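Since chain R is already given, all that's left is putting chain B on it; use the hints.
What follows is each chain in one-letter form.
2 protein chains.
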Amino acid sequence: MTQIAHLHEALDGQRLWDDVQSLASIGALEPRGIRRLALDEADNRARLWLAEQGAALGCRVHYDALGNLFLRREGQDASLAPLLIGSHMDSQPRAGAHDGALGVVAGLSILRTLSERGIAHRRPLEVVAWTNEEGARFAPGASGSSWFAGQREYEDILAALDGDGVRFGDALQECLTLLEDKGLEYRPAPFEPHAFLELHIEQGPILEQLGKPVGIVSGIQGVNWYRIEVEGMANHAGTTPRQARRDAFDGAHELVTALKAATSGQDDDLRFTIGTFSLWPDAVNTIAQRATFTIDLRHPRQAVLDDLDARFHALARRQWSGCDAHLTVTSRVAPVAFPDSLLEVLRESAGSVCPEVPELVSGAFHDAIHLAHVCPTAMLFTPCRAGISHHPDEHIEREDAEVAVRALAEAASRLLA
Amino acid sequence: MTQIAHLHEALDGQRLWDDVQSLASIGALEPRGIRRLALDEADNRARLWLAEQGAALGCRVHYDALGNLFLRREGQDASLAPLLIGSHMDSQPRAGAHDGALGVVAGLSILRTLSERGIAHRRPLEVVAWTNEEGARFAPGASGSSWFAGQREYEDILAALDGDGVRFGDALQECLTLLEDKGLEYRPAPFEPHAFLELHIEQGPILEQLGKPVGIVSGIQGVNWYRIEVEGMANHAGTTPRQARRDAFDGAHELVTALKAATSGQDDDLRFTIGTFSLWPDAVNTIAQRATFTIDLRHPRQAVLDDLDARFHALARRQWSGCDAHLTVTSRVAPVAFPDSLLEVLRESAGSVCPEVPELVSGAFHDAIHLAHVCPTAMLFTPCRAGISHHPDEHIEREDAEVAVRALAEAASRLLA
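Chains as they are written, first to last, in our numbering: chain R, 1 to 417; chain B, 1001 to 1417.
Chain R on its own, in the form it takes in the complex (with noise of 0.2 Å):
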């Protein structure tokens, strides 16, 4: 039996490399790409993808009630809780094949070489695999991780519709009919792990352009999203004096400007995003009744965060261009700072594979910033080409994952000993 110390020097990175182009297929588009979308039946394959490798490994399968799914090496004591890897499975419409689909292949390939060495160690190891963390199809996201992690409520999760009318508890049944019928345990609640590690693609610039294979995630910004209306009077274009209209497009107009004056002053860490923006009725020669947007927000530090809220409710409490205008806070995640003691075990095993890791915050939301709130979380990244994400046109390195990978394993290592 060989040792665990020095696991990544056995991960076999051909096999890591046939594994990640083994998922893609699943749910692939042409010329590249995919599309998984949560709970659909790319994604349901997917599971049962994973679900195979992880019984050909010895490894215990479970689902639980909200389809996350887990494969469970056994630790020579029982009696630990579990480290746990992963990350999700699902994408967006038109995705590339590595987000999240990475760190749960990672959590795969660790299995494998411990299972394949037959490595013994103390603590057990589970792989999870996430439900719906991108919220393309069932907004918000990362519904699997913040319901494990106590953050949402069962009831809310299972309500949201996709745009085909589609309610989640329904989809999610399909699923668990489908695990169920396979024959996988069901193990409906949440439990507290160890610790949870995610290694995922960065989807930002920073890695590449230092030209490192591996960083260290010192925490996640926090998130805020809104939703914006607007609502003024329908009225025809041309007839309509400029003192009788209450256009709902001029007024989303000026309150975006107001919103856009309200962020200036901050630093160069602050995002914030209008990625959606309709009218009603939407017709060239009507003035809008209704104009509706988003606002992403984000920021490491909750002060700041908590400081534009405010600004923000009350620049939405004022009349615009003769417009009311309502906001709705539809998802707030506090920023996350991961625990020192984790991060020290990172830049150690990152270091025995990879001179000079890097340490960056996270722009983009995962499924770790939910699982800090339940047990020690940290994350690793890796560079993604020029940053592109959630496009076909995503594409990462073999040998910068595979450097990611061992790095993961080796502080993995450390973790299970």
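Hints are computed from structural coordinates only; laboratory data are not their basis. This one's a predicted model, so the numbers in the text were calculated from it and none came from an experiment. Glycine included, every Cβ here is placed at the ideal spot set by N, Cα and C. Just so you know, not all the hints are guaranteed correct.
Listed next, with one range per pair, are the computed distances between beta-carbon atoms [to be verified]: (1) B:R1045 <-> R:W280: 46 to 56 Å; (2) R:D267 <-> B:T1328: 32 to 42 Å; (3) R:D267 <-> B:D1268: 58 to 68 Å; (4) B:H1326 <-> R:W280: 16 to 26 Å; (5) B:T1328 <-> R:R167: 33 to 43 Å; (6) B:V1329 <-> R:R15: 52 to 62 Å; (7) B:D1269 <-> R:W280: 51 to 61 Å; (8) R:S341 <-> B:H1326: 51 to 61 Å; (9) B:G1265 <-> R:W280: 22 to 32 Å; (10) B:V1329 <-> R:R385: 35 to 45 Å; (11) B:P1093 <-> R:R167: 24 to 34 Å; (12) B:R1317 <-> R:R385: 28 to 38 Å.
This is chain B only, laid out in the frame that chain R set:
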């Protein structure tokens, strides 16, 4: 035989209102409003209803190559060009009953009066219903009148597709076959009328505010339509540093601010409306790759439109938040000033049924804007409640409509005598 002088006194107000109700029942919506999309089943039934009314009055009923329908009452001098009176019978998808229809029924009521009282007149009279004024099913609108006036090509009009992919030409052929089967007379080509008069609901708030049942329309605003695309780069809302962004929403927002500034020095007659605005891919946490919006720009003077057109083009050539903009002119209709000689007839006629008749510029498009290219053309407006149109809540007062139709009848009597 009654004299044509003071024709309006002979007009039967109850019969006028009955005709309004009869036409409103074709394509009626519950609980109110109508749906008569151009060349659909209801729109064709409206043609047959009108043809029957005309035939019963002894009119010759013609239709032309665009499905425009004409009820012709002969004059004593057959060599004279006819006076043309009318409007359209098609509607928006959920519309009121009077937009267009009132102008056709008004012409019919004049035919009824002439016929039932046996009033002779020197000049022929034709009452017309133009095909597809609204452009709601097949864009752009005013198909029948623009073709009749030589403003648009027959083949271009026939090539338009509706939302279900049905070709205008195919829908038109069905309509023409229906009219042929009813034994109506095919008179394919346009001709040169003596003059064209159109009564229409105002679709704006001015007459109601003035408390006047009728107004003289001195001209129609010119209209330019633009579609603007701002092209940025889609990216993750959380991970993309501010200096690395090319956010198409930000670009569009800046450009809109500049476009609005360009219009700010203009007089109160200017109408600037952004009625459609969309983002792609339209996701909360994705920086927009593309923003697309339209401008509806109107003014009674061509010089003002030309000046703004040049400024809009110049602005679109610049970069906005690092994004390129592309401006396309999708429609351009020059303003029309109706000839004073015909306006004078309307002033005298309207003045004989109502004191102090106001004059106003039409903010909306009408068939008259095209007819003005081939013959002296003018319009009368009657108020609609709160200026609302293109909506089932569109409403007119019977008493107002009756005064306006009497003014039209009086003008007709002067032009026919």
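So, going through the hints one by one against the coordinates:
Hint check: B:R1045 to R:W280, Cβ distance near 31 Å, so the stated range 46 to 56 Å is violated. At about 40 Å, the beta-carbon gap between R:D267 and B:T1328 stays in the expected band of 32 to 42 Å. Restraint check, R:D267 to B:D1268: a C-beta distance of roughly 44 Å breaks the suggested window 58 to 68 Å. Taking 16 to 26 Å as the suggested C-beta distance range, the pair B:H1326 and R:W280 conforms, at roughly 25 Å.
Between B:T1328 and R:R167, the C-beta spacing of about 41 Å keeps the proposed range 33 to 43 Å intact. Restraint check, B:V1329 to R:R15: a C-beta distance of roughly 59 Å satisfies the suggested window 52 to 62 Å. In this structure, B:D1269 and R:W280 break the distance hint of 51 to 61 Å, their C-beta atoms being roughly 27 Å apart. Hint check: R:S341 to B:H1326, Cβ distance near 54 Å, so the stated range 51 to 61 Å holds.
Taken as a hint, the range 22 to 32 Å holds for the pair B:G1265 and R:W280, whose Cβ atoms sit roughly 31 Å apart. Between B:V1329 and R:R385 the C-beta distance comes to about 39 Å, which sits within the given range of 35 to 45 Å. The hinted range of 24 to 34 Å is satisfied by B:P1093 and R:R167, whose Cβ atoms lie roughly 30 Å apart. Between B:R1317 and R:R385 the Cβ separation comes to about 32 Å, which falls inside the hinted range of 28 to 38 Å.
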